[in-house]
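Please work from the sequences and hints to get the whole structure.
Note that my numbering gives residue 266 to position 77 of the sequence shown, counting from 1, and the numbers run on in steps of one.
Treat the hints with care, as some may be off.
Each computed DSBU-like pair below joins lysine-lysine, with the alpha-carbon atoms no more than 35 Å apart [as the list claims (entries may be wrong)]:
1) Lys312 / Lys202
2) Lys327 / Lys226
3) Lys312 / Lys327
4) Lys226 / Lys304
5) Lys193 / Lys226
6) Lys304 / Lys327
7) Lys202 / Lys327
8) Lys304 / Lys202
FYI, nobody ran anything at the bench for these hints, they're computed from the structure.
Keep in mind it's a predicted model, so treat the numbers as computed, not measured.
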Amino acid sequence: LTVKQPWAFLIVKGLKDVENRSWFTNYEGLLLIHASKTFDWDALPFIQTNHRDAWQTIVQQFHLLGWTIPRREITPAIRMQLGVIVGRVNLEGCYHHSVPMTSRWAETGGCWHWKLCYAEQFKHPITATGHQGLWEYKS
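Shown next, in the form of structure tokens:
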């Protein structure tokens, strides 16, 4: 599954346990998390304000100490984490937004909550071309 950074990083660190999508899937099981070549700069103020623990982890991972938002600069630490498979998770299930979720990441209104567990960040990311939707990685 291709996800923009820094969301992909938060997923494989086990900090983000729900991925909100506009579409449903019957698939359950192992998902490789691919970080797209796009960094979601607009996510940073949201995470900094609403998820302080996740923000501190992002600052460390992407070497953003001393940054002021809205600075938008692709650092070497960010570049290494784009266009690669950064880890894996288990997709436990896909639930309509009307089903109550205990996750702080579950958005309301019109989306599907993909419940994720058993996250693992790869020590060495794998270069791969991402795709929309679910796709199969062939090494």
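Okay, the hints, checked on the actual structure:
{"no.": "1", "hint": "Lys312 / Lys202", "verdict": "holds, 12 Å"}
{"no.": "2", "hint": "Lys327 / Lys226", "verdict": "holds, 19 Å"}
{"no.": "3", "hint": "Lys312 / Lys327", "verdict": "holds, 19 Å"}
{"no.": "4", "hint": "Lys226 / Lys304", "verdict": "holds, 24 Å"}
{"no.": "5", "hint": "Lys193 / Lys226", "verdict": "holds, 7 Å"}
{"no.": "6", "hint": "Lys304 / Lys327", "verdict": "holds, 25 Å"}
{"no.": "7", "hint": "Lys202 / Lys327", "verdict": "holds, 24 Å"}
{"no.": "8", "hint": "Lys304 / Lys202", "verdict": "holds, 15 Å"}
Against the hints set out earlier in the document, no violation occurs for any number.
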